[in-house]
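*Asks:* This is what each chain is made of:
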Amino acid sequence: MSTKPVSGPHVAAAHNIDGIMRKVIIALLPAAGFGVLIFGWPALYLAVVTVASAVLFEAFCLKIKGAEALPYLCDGSAILTGLLVAMTLPPWAPWWIGVVGSGIAIVLGKQVYGGLGQNLFNPAMLARVALLISFPIEMTAWVNVSPPLTGPGPTDSFSITFSGAAPADGMTGATTLGAVKTGFTQNQTLPRLLDDYSGFLALIGWERGSLGETSTLLLLLGGLWLLRQGIIQWMIPVSLLGTVACLALAFHLIDSQQYLGPWVHLNSGALMLVAFFIATDYVTSPNTPLGQLLFGAGCGGLIFVIRTFGSYPEGTGFAVLLMNAATPLIDHYIRPRIYGRYRNGKPIDISHP
Amino acid sequence: MFVLFEHPRLRGGIHAEEHKSGTSGKPIASGLPLPKKLYIPVQQHVGKAAEPVVKVGDPVLKGQLLAHSQGTISAPVHAPSSGTILDVLDYPAPHPSALPIRTIVIETDGLDRWSELSVPDDPFALDPEEICLRVGAAGVVGLGGAVFPSAVKLGLGRKNKIHTLLINGGECEPFLTCDDRLMQERAGHIVAGIRLMLRGMDAPDALVGIEDNKPEAFGAMLKACLPFPHIRVEQVPTRYPMGWDRQMLRYLTGWEIPADGRATDIGVVIHNVATAYAVYRAVCLGQPLISRIVTVAGDTVGNAQNVEVLLGTLIAEVLAYCKVEPKRVARLIMGGPMMGDVLPRADVPVVKACGGILALSAEQLHEADVKPCIRCSSCVSACPAGLLPLEMASRIRANQLDAAVDLGLKDCISCGSCSYVCPSNIPLVHYFKYASGELYKRQQMEHKSAQTKRLVEDRNRRLEKIRLEAEAEAQRVAEARAARARQNAAGGQAQQAAVAGENA
Chain A
0 MSTKPVSGPH VAAAHNIDGI MRKVIIALLP AAGFGVLIFG WPALYLAVVT VASAVLFEAF
60 CLKIKGAEAL PYLCDGSAIL TGLLVAMTLP PWAPWWIGVV GSGIAIVLGK QVYGGLGQNL
120 FNPAMLARVA LLISFPIEMT AWVNVSPPLT GPGPTDSFSI TFSGAAPADG MTGATTLGAV
180 KTGFTQNQTL PRLLDDYSGF LALIGWERGS LGETSTLLLL LGGLWLLRQG IIQWMIPVSL
240 LGTVACLALA FHLIDSQQYL GPWVHLNSGA LMLVAFFIAT DYVTSPNTPL GQLLFGAGCG
300 GLIFVIRTFG SYPEGTGFAV LLMNAATPLI DHYIRPRIYG RYRNGKPIDI SHP
Chain B
0 MFVLFEHPRL RGGIHAEEHK SGTSGKPIAS GLPLPKKLYI PVQQHVGKAA EPVVKVGDPV
60 LKGQLLAHSQ GTISAPVHAP SSGTILDVLD YPAPHPSALP IRTIVIETDG LDRWSELSVP
120 DDPFALDPEE ICLRVGAAGV VGLGGAVFPS AVKLGLGRKN KIHTLLINGG ECEPFLTCDD
180 RLMQERAGHI VAGIRLMLRG MDAPDALVGI EDNKPEAFGA MLKACLPFPH IRVEQVPTRY
240 PMGWDRQMLR YLTGWEIPAD GRATDIGVVI HNVATAYAVY RAVCLGQPLI SRIVTVAGDT
300 VGNAQNVEVL LGTLIAEVLA YCKVEPKRVA RLIMGGPMMG DVLPRADVPV VKACGGILAL
360 SAEQLHEADV KPCIRCSSCV SACPAGLLPL EMASRIRANQ LDAAVDLGLK DCISCGSCSY
420 VCPSNIPLVH YFKYASGELY KRQQMEHKSA QTKRLVEDRN RRLEKIRLEA EAEAQRVAEA
480 RAARARQNAA GGQAQQAAVA GENA
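So the protein sequences, as listed, match chains A and B.
So that you can map any letter, position 111 of the first sequence is 110 in numbering that gives the first Met the number 0, and since no number is skipped, the others follow by simple counting.
So that you can map any letter, position 48 of the second sequence is 47 in numbering that gives the first Met the number 0, and since no number is skipped, the others follow by simple counting.
Bear in mind the hints are in silico, worked out from the structure with no lab data behind them.
These numbers were taken from a predicted model, which means no experiment stands behind them.
Hints are supplied without guarantee of correctness; some may be wrong.
With the C-beta cut set under 8 Å, the calculated list includes, among others, these residues of chain A facing chain B [to be verified]: (1) L148; (2) T149; (3) R336.
Straight-line distance between alpha carbons at most 30 Å, and here's what the computed BS3-like set of lysine-lysine pairs gives [as the list claims (entries may be wrong)]: (4) B:K160 <-> B:K409; (5) B:K370 <-> A:K345; (6) B:K25 <-> B:K36; (7) B:K452 <-> B:K370; (8) B:K222 <-> A:K345; (9) A:K345 <-> B:K36; (10) A:K62 <-> B:K370; (11) B:K440 <-> B:K452; (12) B:K322 <-> B:K35; (13) B:K47 <-> B:K36; (14) B:K409 <-> B:K452; (15) B:K47 <-> B:K35; (16) B:K370 <-> A:K64; (17) A:K22 <-> B:K370; (18) B:K47 <-> B:K370; (19) B:K25 <-> A:K345; (20) A:K22 <-> A:K62; (21) B:K47 <-> B:K432; (22) B:K35 <-> B:K25; (23) B:K432 <-> B:K447; (24) B:K370 <-> B:K322; (25) B:K25 <-> B:K370; (26) B:K47 <-> B:K222; (27) A:K345 <-> B:K160.
C-beta: ideal position from N, C-alpha, C; glycine also.
Please model the entire structure based on the sequences and the hints provided.
*Replies:* And the structure:
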């Protein structure tokens, strides 16, 4: 019989880190699988390389740290980070982009802070932003939709991913947000720019974009499943998407020639991925419901501002990193009210009921 | 006023697996054989330990006073059965430390003869003071687990103009069904106890809160309260820790007790249902608190049930009665699985605080490795008190106890909801208990050093005074000597003068 002086509770919920990571990965898989389906073999190779290198980097760091690697590797957090990095990359990016991305995410984004649970910034977003700034050409080569059957075969794809054979000019184009941004610089106005834009194709994800970001629908379904499973809370996704939608609607109503409508915003770029899978990252988001609402609204506002007024067509990475930096501040000032006390911590005064 | 919700929103809490169905349907067993020896610790309550009034070899009757209460906050203990006093010794306490405490051992004679009991003709006509006196003399303490002397609480109530007596029938801990069974089987007696408490405090109304996973108990209490419109019975949602008295009060009435105050400050007194029953027995039957209902459960218990156990019975005997397989027991717990204490051994007595004995196997314990905190904030949503367990724990890990206090460490009720939901299995409550203990220790140290400083200063002052006195004395002596010398000198001169005069 145990004589260890343990404190209660002596029972616990069947709920652990491994399970949480596994569920998030499962929720991401449909969207990632869809990316592979529409962008062909190179996308699959890139995803595999990115995830595998993420796991290797994690193992390497743990070894240096002298920690026992296996239990940490088994928790699935490195796989999840690798998968998220892969999903934000252009689908036909060369292999080393994936490796560098994983390296930044795992080593600089996570392990130098002390590993799981210690990082200030979301590792996947850190990798995305670092890559975008360092390798702008590779990071903005958006390939057309090219399913495995009509696109290059397994062997040709191998050379696309591994020997840097750049896709032919006719194979690439701009994303919706990119096209709109470029169009404005050429003094074009919106209705014309969106001539060949289909809201429905954008919803299911049949368009140019990052490997796992195109399908709004599948990401939304994955996110809703996570909500139902109780893995994430509604505050961040709702406030983030709500803020983007409200701002977009307001500006669109003021001038529909210059500002994209909410539907296009919600359907484009990394918004859904960020709202449900990135901004909700436990480690880098606030602890309290109110703090989370603020965080989501901050992310949404920054995304809209960068997309609309910044020089980058897409601003989710920057927005999330900025709000990550604000998280300790939010957590410091926004705390739950303690029972029997006012918000400022003073005990409730009963002499004036 | 427009009211959107009937009740205030419940904060935090968890839905733990209940494990109650195995015992809630079985009647309370009273067939536990009379033990050969009974071990009665003189401290079974909050406050000062009782002082034995019996000697080794004395014959005692059932219900006879063994030790009387000391000071204002204390409670007496009584003989649970008739027999002889075998010993008064230090015996391991039912506590995680199993440190010995003063215990009276009775060798029972098997006759179970009652001492003479004083039964009033009409208990409900007694003076409030008289009710409090009888409750106090019967050794009734809070049986929900806090074991605070009930008479003291009633006395406080009488002084503080109480408008509501809240009776806590929440029993939110998993496994435990002792209050549930008590309400199902003895609702009438509980209601009698509630009426006596109301009279004892001169309070008008009572409110009984019962979790909605106990429909039979709720029905029984509702029926028993029908003739008494001033006792209202209400259901509360099943959500641990609903039985936290402040949580239940807030849910049922919307009133919140200030963090630095007591329930009596807002005109409320809160008692447990089992305490109400004990009050009934003390006042109406004249019987002191010598037995209680104990839930014996866990997956190693062959016959899980509620048992009426004489206080002082060894837990091992209760386990044997309920057919526990000792080999499979990985952890023995006194109380519920959320807040109960680990018992390192089974040969310790059942005391007033013991509402449950759980014998859990290794499979049921769910012990997993501790992983790093991923800041998922499950603990924040689970905390009923509105604290930030993850932040407090990280401060305590860094030994910044004051920072943890700023975050509300002292408002923690140790309910264990945070540890329960933690996906990393971090023993958060353990951290908080450690920190509270450490703070207490530091406070004691400070107190001690302040005391030492005061003593040293006193001593210095004393020494200084002695020195000054000695100096003054020395000066006085010196002056006196000088004066004498002068006198002598003056006398000498006079003599010389006289001599000179004679010579002249």
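*Asks:* Hints numbered earlier in the text: which of these fail when held up against the supplied structure?
*Replies:* 1, 2, 5, 7, 8, 9, 18, 19, 24, 25 and 26
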